[in-house]
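Student: For the record, the sequence lines run as chains V and C. Each residue of the first sequence is one higher than the last, beginning at 1 in our numbering. Each residue of the second sequence is one higher than the last, beginning at 1 in our numbering.
Hints in this document: simulated from the structure, not taken from any laboratory. Heads up, the beta-carbon is just placed ideally off N, CA and C, and yes, glycines get one too. Any given hint could turn out to be false.
Each pair of labels, with its calculated beta carbon distance range [to be verified]:
#1 V:55 <-> C:28: 20 to 26 Å
#2 C:18 <-> V:96: 36 to 42 Å
#3 V:28 <-> C:110: 36 to 42 Å
#4 V:97 <-> C:51: 16 to 22 Å
#5 C:55 <-> V:113: 39 to 45 Å
#6 C:53 <-> V:57: 41 to 47 Å
#7 V:103 <-> C:20: 20 to 26 Å
#8 V:60 <-> C:59: 43 to 49 Å
Here are a few chain V residues that sit away from chain C, every Cβ distance over 10 Å (derived from the structure) [what the hints assert, rightly or not]:
#9 11
#10 16
#11 43
#12 69
#13 71
#14 77
#15 80
#16 87
#17 103
#18 111
What follows is each chain in one-letter form.
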Amino acid sequence: DAGVTQSPTHLIKTRGQQVTLRCSPKSGHDTVSWYQQALGQGPQFIFQYYEEEERQRGNFPDRFSGHQFPNYSSELNVNALLLGDSALYLCASSPSWGGRTDTQYFGPGTRLTVL
Amino acid sequence: GQQLNQSPQSMFIQEGEDVSMNCTSSSIFNTWLWYKQDPGEGPVLLIALYKAGELTSNGRLTAQFGITRKDSFLNISASIPSDVGIYFCAGRVRSGQNFVFGPGTRLSVLP
Numbered sequence: 001d002a003g004v005t006q007s008p009t010h011l012i013k014t015r016g017q018q019v020t021l022r023c024s025p026k027s028g029h030d031t032v033s034w035y036q037q038a039l040g041q042g043p044q045f046i047f048q049y050y051e052e053e054e055r056q057r058g059n060f061p062d063r064f065s066g067h068q069f070p071n072y073s074s075e076l077n078v079n080a081l082l083l084g085d086s087a088l089y090l091c092a093s094s095p096s097w098g099g100r101t102d103t104q105y106f107g108p109g110t111r112l113t114v115l
Numbered sequence: 001g002q003q004l005n006q007s008p009q010s011m012f013i014q015e016g017e018d019v020s021m022n023c024t025s026s027s028i029f030n031t032w033l034w035y036k037q038d039p040g041e042g043p044v045l046l047i048a049l050y051k052a053g054e055l056t057s058n059g060r061l062t063a064q065f066g067i068t069r070k071d072s073f074l075n076i077s078a079s080i081p082s083d084v085g086i087y088f089c090a091g092r093v094r095s096g097q098n099f100v101f102g103p104g105t106r107l108s109v110l111p
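The whole structure should be built from the sequences, with the hints applied where relevant.
Tutor: Here is the structure:
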């Protein structure tokens, strides 16, 4: 049973560039959430996708956008990168059915460095 | 917005000792999750709690959902070197809302 996978593992970009990160949810999960984790801090919620639509959004600017595909995989896009966007970006998946829909399983993350 | 506090921020213990850490909130939560994160990896779910007063175990780990619904506790018994890592609590106010994470407790185990 494959867990949550993310790509790429690491990424280096320069200020002003755009980046796309990818996530495949755990088998059987249809809901994907994205988090930003700065060094030494806990994950911060960016947004959540369900049925190919953004269902909830945290306190992040519009430069952060996403997409969910029919196979439940998801992308996180960040435009006009800033130095402060350097962080570990985590994807978490959960099922929308079957009782405990609350429990989220995380992928290994994508380490983004903005120079 | 909702904020979680975790204490202690970090701790150093001897192998074999028991560990206690807690998580507090200014808001009432209906779900608490505890995660462990190793360097360079994503958080791994340890225990999920859904009811005030609930006590749940996962091997040497035991977590409790505080009666006030504003706190949660995690205990690790007979610590071993692989317990090293950062422990995060996460909570949410109601079903369907996103989870808020604490800043983490960094655990170091000395042989």
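Student: Indicate, hint by hint, whether the structure satisfies it.
Tutor: Status of each hint after checking the structure:
Roughly 23 Å separates the CB atoms of residue 55 of chain V and residue 28 of chain C, a value that falls within the hinted 20 to 26 Å. Between residue 18 of chain C and residue 96 of chain V the Cβ separation comes to about 38 Å, which falls inside the hinted range of 36 to 42 Å. A beta carbon spacing of about 41 Å between residue 28 of chain V and residue 110 of chain C agrees with the range 36 to 42 Å that was offered as a hint. Between residue 97 of chain V and residue 51 of chain C the Cβ separation comes to about 21 Å, which falls inside the hinted range of 16 to 22 Å.
Hint check: residue 55 of chain C to residue 113 of chain V, Cβ distance near 42 Å, so the stated range 39 to 45 Å holds. For the pair residue 53 of chain C and residue 57 of chain V, the supplied restraint of 41 to 47 Å is violated, since their beta-carbon distance comes to about 33 Å. Separation of residue 103 of chain V from residue 20 of chain C is about 23 Å and conforms to the stated range, judged on CB atoms against 20 to 26 Å. Roughly 36 Å separates the CB atoms of residue 60 of chain V and residue 59 of chain C, a value that falls outside the hinted 43 to 49 Å.
Chain C leaves residue 11 of chain V outside its interface by the beta-carbon criterion, the shortest separation being 14 Å against a cut-off of 10 Å. Every beta carbon of chain C lies more than 10 Å from that of residue 16 of chain V, the smallest distance being close to 27 Å; the non-interface claim holds. In this structure residue 43 of chain V is not separated from chain C by more than 10 Å, as the shortest Cβ-Cβ distance comes to only about 5 Å. Distance to chain C confirms residue 69 of chain V as a non-interface residue, since its nearest Cβ pair spans about 21 Å, more than 10 Å.
Against chain C, the non-interface label of residue 71 of chain V holds: every CB pair exceeds 10 Å, the least being about 21 Å. Annotated as non-interface, residue 77 of chain V keeps its C-beta farther than 10 Å from every C-beta of chain C; the closest such distance is 19 Å. Residue placement check: residue 80 of chain V keeps its beta carbon more than 10 Å from all beta carbons of chain C (closest about 24 Å). Residue-level check passed: residue 87 of chain V sits 13 Å from the nearest beta carbon of chain C, beyond 10 Å.
Non-interface call for residue 103 of chain V relative to chain C: violated, since the shortest CB-CB distance, roughly 5 Å, does not exceed 10 Å. Here residue 111 of chain V does not stay apart from chain C, with its beta-carbon only about 8 Å from theirs, under the 10 Å limit.
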